[in-house]
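Peer 1: Next come the chains, spelled out residue by residue.
Number of protein chains: 4
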Amino acid sequence: MIRMKKLKSIIDFLKKAKRGPQIILKKDFGMIVAETGCNPDWKVVDAGTGSGFLAMLLGNLGCKIYTYEKEKRFYNIAKKNIKNSGLKNVKVKNSDITKGIKEKNLDMITLDMKNPEKVIKHGYKSLKSGGWLVIYSMHIEQIQRIWKELKKYDFKQLKILENIQREWQIEGRTFTRPKTHMLAHTGFLTFARKV
Amino acid sequence: MIRMKKLKSIIDFLKKAKRGPQIILKKDFGMIVAETGCNPDWKVVDAGTGSGFLAMLLGNLGCKIYTYEKEKRFYNIAKKNIKNSGLKNVKVKNSDITKGIKEKNLDMITLDMKNPEKVIKHGYKSLKSGGWLVIYSMHIEQIQRIWKELKKYDFKQLKILENIQREWQIEGRTFTRPKTHMLAHTGFLTFARKV
Amino acid sequence: MIRMKKLKSIIDFLKKAKRGPQIILKKDFGMIVAETGCNPDWKVVDAGTGSGFLAMLLGNLGCKIYTYEKEKRFYNIAKKNIKNSGLKNVKVKNSDITKGIKEKNLDMITLDMKNPEKVIKHGYKSLKSGGWLVIYSMHIEQIQRIWKELKKYDFKQLKILENIQREWQIEGRTFTRPKTHMLAHTGFLTFARKV
Amino acid sequence: MIRMKKLKSIIDFLKKAKRGPQIILKKDFGMIVAETGCNPDWKVVDAGTGSGFLAMLLGNLGCKIYTYEKEKRFYNIAKKNIKNSGLKNVKVKNSDITKGIKEKNLDMITLDMKNPEKVIKHGYKSLKSGGWLVIYSMHIEQIQRIWKELKKYDFKQLKILENIQREWQIEGRTFTRPKTHMLAHTGFLTFARKV
Numbered sequence: 000m001i002r003m004k005k006l007k008s009i010i011d012f013l014k015k016a017k018r019g020p021q022i023i024l025k026k027d028f029g030m031i032v033a034e035t036g037c038n039p040d041w042k043v044v045d046a047g048t049g050s051g052f053l054a055m056l057l058g059n060l061g062c063k064i065y066t067y068e069k070e071k072r073f074y075n076i077a078k079k080n081i082k083n084s085g086l087k088n089v090k091v092k093n094s095d096i097t098k099g100i101k102e103k104n105l106d107m108i109t110l111d112m113k114n115p116e117k118v119i120k121h122g123y124k125s126l127k128s129g130g131w132l133v134i135y136s137m138h139i140e141q142i143q144r145i146w147k148e149l150k151k152y153d154f155k156q157l158k159i160l161e162n163i164q165r166e167w168q169i170e171g172r173t174f175t176r177p178k179t180h181m182l183a184h185t186g187f188l189t190f191a192r193k194v
Numbered sequence: 000m001i002r003m004k005k006l007k008s009i010i011d012f013l014k015k016a017k018r019g020p021q022i023i024l025k026k027d028f029g030m031i032v033a034e035t036g037c038n039p040d041w042k043v044v045d046a047g048t049g050s051g052f053l054a055m056l057l058g059n060l061g062c063k064i065y066t067y068e069k070e071k072r073f074y075n076i077a078k079k080n081i082k083n084s085g086l087k088n089v090k091v092k093n094s095d096i097t098k099g100i101k102e103k104n105l106d107m108i109t110l111d112m113k114n115p116e117k118v119i120k121h122g123y124k125s126l127k128s129g130g131w132l133v134i135y136s137m138h139i140e141q142i143q144r145i146w147k148e149l150k151k152y153d154f155k156q157l158k159i160l161e162n163i164q165r166e167w168q169i170e171g172r173t174f175t176r177p178k179t180h181m182l183a184h185t186g187f188l189t190f191a192r193k194v
Numbered sequence: 000m001i002r003m004k005k006l007k008s009i010i011d012f013l014k015k016a017k018r019g020p021q022i023i024l025k026k027d028f029g030m031i032v033a034e035t036g037c038n039p040d041w042k043v044v045d046a047g048t049g050s051g052f053l054a055m056l057l058g059n060l061g062c063k064i065y066t067y068e069k070e071k072r073f074y075n076i077a078k079k080n081i082k083n084s085g086l087k088n089v090k091v092k093n094s095d096i097t098k099g100i101k102e103k104n105l106d107m108i109t110l111d112m113k114n115p116e117k118v119i120k121h122g123y124k125s126l127k128s129g130g131w132l133v134i135y136s137m138h139i140e141q142i143q144r145i146w147k148e149l150k151k152y153d154f155k156q157l158k159i160l161e162n163i164q165r166e167w168q169i170e171g172r173t174f175t176r177p178k179t180h181m182l183a184h185t186g187f188l189t190f191a192r193k194v
Numbered sequence: 000m001i002r003m004k005k006l007k008s009i010i011d012f013l014k015k016a017k018r019g020p021q022i023i024l025k026k027d028f029g030m031i032v033a034e035t036g037c038n039p040d041w042k043v044v045d046a047g048t049g050s051g052f053l054a055m056l057l058g059n060l061g062c063k064i065y066t067y068e069k070e071k072r073f074y075n076i077a078k079k080n081i082k083n084s085g086l087k088n089v090k091v092k093n094s095d096i097t098k099g100i101k102e103k104n105l106d107m108i109t110l111d112m113k114n115p116e117k118v119i120k121h122g123y124k125s126l127k128s129g130g131w132l133v134i135y136s137m138h139i140e141q142i143q144r145i146w147k148e149l150k151k152y153d154f155k156q157l158k159i160l161e162n163i164q165r166e167w168q169i170e171g172r173t174f175t176r177p178k179t180h181m182l183a184h185t186g187f188l189t190f191a192r193k194v
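Chains as they are written, first to last, in numbering that gives the first Met the number 0: chain G, 0 to 194; chain V, 0 to 194; chain X, 0 to 194; chain B, 0 to 194.
Fair warning: there could be bad hints in the mix.
As the list claims (entries may be wrong) - Straight-line Cα separation of at most 20 angstroms, EDC-like style, residue types lysine to aspartate or glutamate; simulated pairs:
no.	chain 1	residue 1	chain 2	residue 2
1	V	K103	V	E116
2	X	K178	V	E166
3	X	K79	X	D11
4	G	K14	V	E34
5	G	K158	V	E170
6	X	K42	B	E166
7	B	K42	X	E166
8	G	K78	G	E148
9	V	K178	X	D11
10	V	K158	G	E148
11	G	K178	X	E166
12	V	K155	G	E102
13	G	K127	G	E161
14	G	K155	V	E170
15	X	K158	B	D153
16	G	K150	G	E166
17	V	K147	G	E161
18	V	K14	G	E102
19	G	K178	B	E170
20	V	K42	G	E161
21	B	K178	V	E34
22	X	K150	B	D40
23	G	K155	V	E166
24	G	K178	B	D153
25	B	K158	X	E140
26	V	K158	B	E140
27	G	K17	G	E70
28	G	K150	V	E102
29	V	K117	V	E102
30	V	K178	X	E170
31	V	K155	G	E161
32	B	K155	X	E170
33	G	K113	G	E161
34	V	K150	G	E170
35	V	K7	G	E34
36	B	K151	X	D95
37	G	K155	V	E116
38	B	K127	B	D153
Worth flagging that the hints you see were computed from the coordinates, not collected in a lab.
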């Protein structure tokens with residue numbers, strides 16, 4: 000396997016990694032793994048890289064990752080983070096994914112970027128049969144645009160999910176209750192499968 | 000790697016796999032992966048096996064899994080499911096984990112069983128430093144008993160989470176809204192790390 | 000006071016009342032009372048009446064209610080329900096509210112109908128200063144249209160809320176947990192105040 | 000009617016009212032009104048008064064309220080708030096409700112206090128048939144104790160609810176999404192009816 004033994008815990012590593020743009024939350028990453036059933040044999044394209052957190056989390060699972068970032072400064076942050084992680088199976092590219100996807104026969108494409116609807120056409124071509132397209136969106140308007148574009152291709156198993164995670168606390172031995180504050184929203188995940 | 004190429008999609012496979020006792024939901028499995036950062040190098044002990052769904056989902060990630068099931072009939076269901084999955088890295092044992100854990104130097108222990116508090120003592124010994132104990136509970140009373148027992152050992156990063164997943168629908172082009180019904184509850188996940 | 004003593008419990012009454020179109024849920028009615036602080040001195044216009052549940056729930060609080068329903072068959076259902084309730088302060092009108100609101104100096108207008116954006120213009124004129132406009136919407140697209148229209152008038156304290164209600168169960172003495180199923184969605188409530 | 004016209008908006012008034020101990024949130028008050036169907040004819044006992052917010056919100060609906068507060072300093076805060084509100088139908092008493100309830104034939108009793116289980120016995124006697132007992136609890140352990148005590152009397156329609164309220168935002172014309180942060184927890188409301 001390509002993954003290096005050097006990385007003892009991705010969770011510990013990411014706590015200290017450099018953060019440029021907004022990063023994906025663990026709860027949303029977990030949903031991607033769980034819904035798609037990704038595994039170490041998978042070849043995955045990801046965009047935009049941002050600080051590289053999603054690419055590294057998927058890389059930690061042993062997948063081969065190609066991650067696209069068009070902005071030079073985010074590319075540099077991600078490149079450094081990935082190098083420090085020791086992950087040899089994550090390749091960051093300073094390219095604009097809306098211009099096209101070079102890699103073919105992909106098991107999954109993950110998009111967390113502005114205008115992901117511009118990538119759906121390329122994504123459909125690059126996915127293998129059974130492969131997944133996963134799009135992270137903050138706003139309802141993005142979902143609406145994505146949905147309209149997805150309908151033009153032969154995608155199946157379309158699904159839009161959001162994960163509301165609640166943390167509980169036990170103070171002393173006797174005060175069990177949800178913590179007072181929580182994140183009400185990070186984003187929506189749209190799943191579509193080429194079948 | 001041990002994982003077989005034969006298994007094309009764990010998600011497709013599990014839809015058809017035999018179900019005996021209640022199975023873990025994808026949303027809860029996703030939380031385990033995301034919170035612990037598990038990876039293909041991990042050695043994991045799981046109990047009770049039930050129909051083997053959590054063991055197979057973790058096995059699909061390439062981890063080496065030892066799963067304990069004391070009930071003969073569930074053991075048989077799980078054995079068959081695991082065989083059909085083609086996963087070579089998931090070993091099911093017809094044993095009672097409350098009697099002890101043979102495997103040592105574990106990266107993770109996942110418990111979804113009655114009285115998981117009886118396993119915490121064994122679990123603490125079998126985990127490596129940095130290893131995670133993850134317990135799935137349906138009822139608050141279980142969490143309360145677990146919490147009390149966890150406090151006797153040197154666990155850190157204690158956390159109780161629940162995942163409330165909401166699905167959205169877009170009917171036609173213009174009717175975006177959450178689906179009417181949802182699962183209000185599957186279970187709580189308690190995380191504890193030996194450090 | 001106008002309210003009749005005859006009605007012992009609106010909750011008991013509504014369980015048996017006739018239901019035509021979809022009715023408002025208690026959780027959403029509660030939000031209207033709580034956010035606006037309505038009281039028995041209020042004069043309220045409501046549309047569309049539907050089966051009259053919201054009109055009767057507000058009428059039970061002692062408010063003077065004028066409720067508009069353009070569909071004859073719903074008007075008839077509501078008329079009968081209101082008569083059976085014994086509430087003397089709820090008046091149902093077989094009129095189309097998009098054509099205009101006759102009543103003036105209103106404390107609140109509640110809208111649960113198609114195209115509520117067509118009523119905002121009339122509503123603004125009929126509300127007293129400090130009065131509330133409350134709109135129930137099932138879909139995001141409705142909220143978006145409402146929002147755009149609200150912005151044309153001098154409304155303040157704009158707020159969009161949804162209420163996710165979770166019921167808990169205690170089985171026997173020791174099994175505390177949320178009930179398994181819940182309503183994931185009934186609707187969104189948009190509040191706007193003329194100030 | 001007893002309620003004074005002087006109070007133009009309870010919502011505006013409470014924003015400026017003095018706050019001593021933790022106050023009830025609007026979302027939880029709304030649930031009480033909606034589940035019980037309270038109306039201006041009701042006679043209600045409330046304890047502990049705290050800053051008087053729940054008593055005043057119920058008083059604003061026209062109910063006759065007797066509210067018990069054993070702590071002198073909270074009693075003083077509440078007394079002042081109620082006087083400023085102009086509500087003539089809310090009476091605050093500097094008494095310990097665990098010692099007994101003087102008022103009889105009550106439509107509702109609302110409890111937001113330590114050890115509400117000590118009041119259930121008195122409450123059962125003071126409620127009229129069809130009357131509601133409503134208890135606000137922050138912790139699961141409180142619910143468990145309440146539930147055990149409620150089972151000793153002939154209460155029906157037992158229900159435990161929590162209200163998770165999510166606010167949405169529309170930035171500009173095109174960015175519809177839930178607000179980032181929310182309250183994950185205020186409390187649980189237990190309802191029981193004497194029938």
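Peer 1: Now, for every hint given, state plainly whether the structure supports it.
Peer 2: Status of the hints after comparison with the structure:
{"no.": "1", "hint": "V:K103 x V:E116", "verdict": "holds, 19 angstroms"}
{"no.": "2", "hint": "X:K178 x V:E166", "verdict": "holds, 18 angstroms"}
{"no.": "3", "hint": "X:K79 x X:D11", "verdict": "holds, 16 angstroms"}
{"no.": "4", "hint": "G:K14 x V:E34", "verdict": "holds, 12 angstroms"}
{"no.": "5", "hint": "G:K158 x V:E170", "verdict": "holds, 12 angstroms"}
{"no.": "6", "hint": "X:K42 x B:E166", "verdict": "violated, 27 angstroms"}
{"no.": "7", "hint": "B:K42 x X:E166", "verdict": "violated, 27 angstroms"}
{"no.": "8", "hint": "G:K78 x G:E148", "verdict": "violated, 32 angstroms"}
{"no.": "9", "hint": "V:K178 x X:D11", "verdict": "violated, 29 angstroms"}
{"no.": "10", "hint": "V:K158 x G:E148", "verdict": "violated, 40 angstroms"}
{"no.": "11", "hint": "G:K178 x X:E166", "verdict": "holds, 18 angstroms"}
{"no.": "12", "hint": "V:K155 x G:E102", "verdict": "violated, 42 angstroms"}
{"no.": "13", "hint": "G:K127 x G:E161", "verdict": "violated, 26 angstroms"}
{"no.": "14", "hint": "G:K155 x V:E170", "verdict": "holds, 15 angstroms"}
{"no.": "15", "hint": "X:K158 x B:D153", "verdict": "violated, 42 angstroms"}
{"no.": "16", "hint": "G:K150 x G:E166", "verdict": "violated, 37 angstroms"}
{"no.": "17", "hint": "V:K147 x G:E161", "verdict": "violated, 33 angstroms"}
{"no.": "18", "hint": "V:K14 x G:E102", "verdict": "violated, 30 angstroms"}
{"no.": "19", "hint": "G:K178 x B:E170", "verdict": "violated, 28 angstroms"}
{"no.": "20", "hint": "V:K42 x G:E161", "verdict": "violated, 31 angstroms"}
{"no.": "21", "hint": "B:K178 x V:E34", "verdict": "violated, 24 angstroms"}
{"no.": "22", "hint": "X:K150 x B:D40", "verdict": "violated, 39 angstroms"}
{"no.": "23", "hint": "G:K155 x V:E166", "verdict": "holds, 16 angstroms"}
{"no.": "24", "hint": "G:K178 x B:D153", "verdict": "violated, 34 angstroms"}
{"no.": "25", "hint": "B:K158 x X:E140", "verdict": "violated, 34 angstroms"}
{"no.": "26", "hint": "V:K158 x B:E140", "verdict": "holds, 19 angstroms"}
{"no.": "27", "hint": "G:K17 x G:E70", "verdict": "holds, 16 angstroms"}
{"no.": "28", "hint": "G:K150 x V:E102", "verdict": "violated, 50 angstroms"}
{"no.": "29", "hint": "V:K117 x V:E102", "verdict": "holds, 17 angstroms"}
{"no.": "30", "hint": "V:K178 x X:E170", "verdict": "violated, 28 angstroms"}
{"no.": "31", "hint": "V:K155 x G:E161", "verdict": "violated, 29 angstroms"}
{"no.": "32", "hint": "B:K155 x X:E170", "verdict": "holds, 15 angstroms"}
{"no.": "33", "hint": "G:K113 x G:E161", "verdict": "holds, 19 angstroms"}
{"no.": "34", "hint": "V:K150 x G:E170", "verdict": "holds, 12 angstroms"}
{"no.": "35", "hint": "V:K7 x G:E34", "verdict": "holds, 14 angstroms"}
{"no.": "36", "hint": "B:K151 x X:D95", "verdict": "violated, 53 angstroms"}
{"no.": "37", "hint": "G:K155 x V:E116", "verdict": "violated, 43 angstroms"}
{"no.": "38", "hint": "B:K127 x B:D153", "verdict": "holds, 13 angstroms"}
Of the numbered hints given earlier, the model fails hints 6, 7, 8, 9, 10, 12, 13, 15, 16, 17, 18, 19, 20, 21, 22, 24, 25, 28, 30, 31, 36 and 37; all others are met.
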